Amino acid sequence: MKILVPVKRVVDYNIRVRVKADGSGVDLANVKMSMNPFDEIAVEEAMRLKEAGVATEVIAVSCGVVACQETLRTAMAIGADRSVLVETDIELQPLAVAKLLAAVAKKEAPQLIILGKQAIDDDANQTGQMLAALLGWPQATFASKVAIGDGKATVTREVDGGLETLEISLPAVVTTDLRLNEPRYATLPNIMKAKKKPMEIVKPAELGVDVAPRLTTVSVAEPPRRSAGIKVANVAALIDKLRNEARVIA
Amino acid sequence: MSRYAAPLKDMHFVLTELAGLDRVAALPGCEEATVDVVEAILEESAKFSGGVLAPLNRSGDREGARWADKSVTMPKGFKEAYRQFVDNGWNALSGNPQHGGQGLPRVVSAAVQEMWKSSNMAFSLCPLLTLGAIEALELVGTDEQKAIYLPSMIAGKWTGTMNITEPQAGSDLAAIRSRAVPQADGTYRIFGQKIFITYGEHDMAENIIHLVLARTPDAPEGVKGLSLFAVPKFMVNADGSLGARNDAYCVSIEHKLGIHASPTCVMAFGDSGGAVGTLVGKENDGLKYMFVMMNAARFAVGLEGLALGEIAYQHAVAYARERVQGRAIEGSASAVTIIRHPDIRRMLMLMRSQVEAMRALAYSVAAAHDAAARHADAAERARNQAYVDLMIPVVKGWNTETGNELAYLGVQVHGGMGFIEETGAAQFMRDARITTIYEGTTGIQANDLVGRKIVRDGGATLKAVIGQMQQTHSELMKPAGAEFVAIAAALGGGIEALRRAGDYIVANYAGDMRAVAIGAAPFLRLLGIVSGGWMMARAALVALGRIAAGDADPFFPAKIATAHFYADHVMAAAAGLALEVEQGGASALALDEAMF
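Chains as they are written, first to last, in the numbering used here: chain A, 1 to 250; chain B, 1001 to 1596.
A couple of the hints might just be wrong.
[Unchecked claim] Some residues of chain B that are not near chain A, with every Cβ distance over 12 Å (derived):
hint	residue
1	LEU1008
2	THR1034
3	TRP1067
4	ASP1087
5	GLN1325
6	ILE1329
7	THR1337
8	ARG1456
[To be verified] Simulated coverage check for chain B against chain A, where a stretch passes if three residues somewhere in it have a Cβ under 8 Å from a Cβ of chain A:
hint	stretch
9	1091-1102
10	1128-1139
11	1529-1542
Keep in mind that the hints were calculated from the coordinates and are not lab data. All figures in this text were calculated on a predicted structure; none of them were measured in a lab. Glycine included, every Cβ here is placed at the ideal spot set by N, Cα and C.
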């Protein structure tokens, strides 16, 4: 079976994110970009399924600017067989990405789409769910364990109360949580080979998708700076502060 | 646990803007080394070094390699890390593609090796020695030796060693006594004791191939009677499987100031009947092969000076940003982080600027080494080889001396906590200490530089390099701004100091060899400092061009500021060093030996 792995290019997790002076967004100039760590976990899971003989082909797909090619090369250095870039300079929001991925999925007809539960830049946690809805496929989000059976996937999910196990029929969409696996380091020969692996580049219009943003960003601001702590006189004072200042308890 | 984040941005800048990665990629056999592929390699190598090697640096230092019953147990985690290192193909980076290597050029290997050395110097010595042994076998091994050894050594499945030093033969190889007795089947039996054998024994690989310098029975006295032999720990059967244990054993390991995780072995060959070895190359030509390999080995040790300076700098910056102590000298409401204090700032800039200068010089020499080996035009090969030959003792000598100074400053920035092992600053200083000693002490590098590289060609190569420096100097006259005035003045002064000192050496070597030799080490330092200043000036010019082209990356103004600092603070020493070379001989030799 074929596995499609959507990967997103985001600000590297080691970078301290800065807000643009005019509050219009995050400053991306001269900032190191990398693959969304949750998507790395998705690529790793796809590779493990391929190595286990479950999958026959792993296709990485990314939506965004030309530089997303680097992210796709990274996915192919980990082991993806080929890749698709849906190239556009327009700001992509989760619904647009889900529509683009649905269009690619219709073309490629994978049995499984596995992607990060969210991206570490906007933390939207929407793309996988929207994608499943658009395709009319079952979904299992926040996966910490994935087992593929005959036409079915058994997925263990991390939910607030603990773990939940679902059985879903294929084709399906699975989104990954942190504990699903530990991504490997790419090997040197695979890094060298990645350059020669095929990468198809398409435009949103060719897929018949309108990617125009539906949401408007009003403003972006840094979180308030942490102020110095204080000592409270007693438990009653603490509870009063938690209730009336921090408003974290009722 | 020591942290390491590879300085990818500066590495990329040096590779593409100063070392000429595009020109290297245009050389025959280097086609794979395009900027995008090299970028991907460096990124992954950075992840591996930071994620796998760095976490073992401090634990490896504390635990150390342990010897018992002729075998060595590596510190916890090293065996697994080495396996991962090999499985991921890193050992094969520069190996010949015919034997399974990736054939990447030296300049790429230099950047990757810098990362191994910064993140875990003791670990990095194992692949370093293997690469040296591979180089020797590539150079003069028989087809059979290549077929038996190279694929497994390039992959890293087997490691390699260089067995040169003996108790009575350190810097002086003429004193080597190990014997090689020819056998009827064409092999030799090796007898003798070797010391200071890095990774002579360990538990990370299934076989170890020792390259051993020894004398055949009728060999001439001195260095002209040394032959090189391949002596495997386990004999290799015709089908490639491992056979009997050879008579080559590690009989103890040294207790050292630093690189504790790297086993430094005393090797006994032939205690029970003779270790089986095969001749590598021709009889009595061993030293010649050593010299060829030495360029690569000395260069690699120069990278260690750079790498330890880099990691010491990273830790010093992190500490200076965190540590709150004292109010600002100009007054402040409360105590400030020490990075606010001017003297801490000066030390951090000394570290940063010299690390960047060393990196630029080392990578440029690596790129020249690639051109010397692969350029289609013979004249270009010769020109590059002359530059490499001149600069190898400088990269080895100056980078390691400077690396020690920077590791010292790293401790100083930490204050009292630097003297406490827990911060890790002390380990970098201890690990750096060997680098000015092995593969030829700084004194040996300086004598090589003066005697072989300057005097022998009458200063011609030095003059050619000075000519290139002058070209950069004239370009520095064009831009406006106080930084470029200072950088130009410093480089101008440095060039003048170098020219005077070089002329003095060429004019006086024959007549007053001892006095000139007193100035050898100061001259090496002078050439290092001025070459570094030249590289920083080139970097500043590139940065200025990028800013003018509208690039808003703060990396570029920082590069100009760093080059400016180097000009003000490091280049200032050049004139004094030239005086030391020209005038310092007589007083240094004035005392009679008996007066000491």
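Cross-check of the supplied hints:
1. The non-interface label for B/LEU1008 is inconsistent with chain A: the shortest C-beta to C-beta separation is roughly 8 Å, within 12 Å.
2. Non-interface status of B/THR1034 relative to chain A is broken: a Cβ of that chain comes within 12 Å, the nearest being about 8 Å off.
3. The Cβ of B/TRP1067 lies farther than 12 Å from every Cβ of chain A, with a closest approach of about 31 Å, so its non-interface assignment holds.
4. Listed as a non-interface residue, B/ASP1087 fails to keep its Cβ farther than 12 Å from every Cβ of chain A; the least gap is roughly 7 Å.
5. With a closest Cβ-Cβ approach of about 19 Å to chain A, B/GLN1325 is found to remain outside the 12 Å limit, as its non-interface label requires.
6. Interface exclusion of B/ILE1329 from chain A stands, the closest Cβ pair being 25 Å apart, more than 12 Å.
7. No beta-carbon of chain A is positioned within 12 Å of the beta-carbon of B/THR1337; the least distance is around 16 Å.
8. Every CB of chain A lies more than 12 Å from the CB of B/ARG1456, the least distance being 40 Å, so the non-interface label holds.
9. Given a C-beta distance limit of less than 8 Å, the hint that chain A covers the stretch 1091-1102 of chain B holds, as 3 residues qualify and 3 suffice.
10. Only when three residues or more bring their CB closer than 8 Å to a CB of chain A does the claim for the stretch 1128-1139 of chain B stand; here the count is 0, and the claim is violated.
11. Residues of the stretch 1529-1542 of chain B lying with their CB closer than 8 Å to a CB of chain A number 0, which falls below the three-residue condition for coverage.
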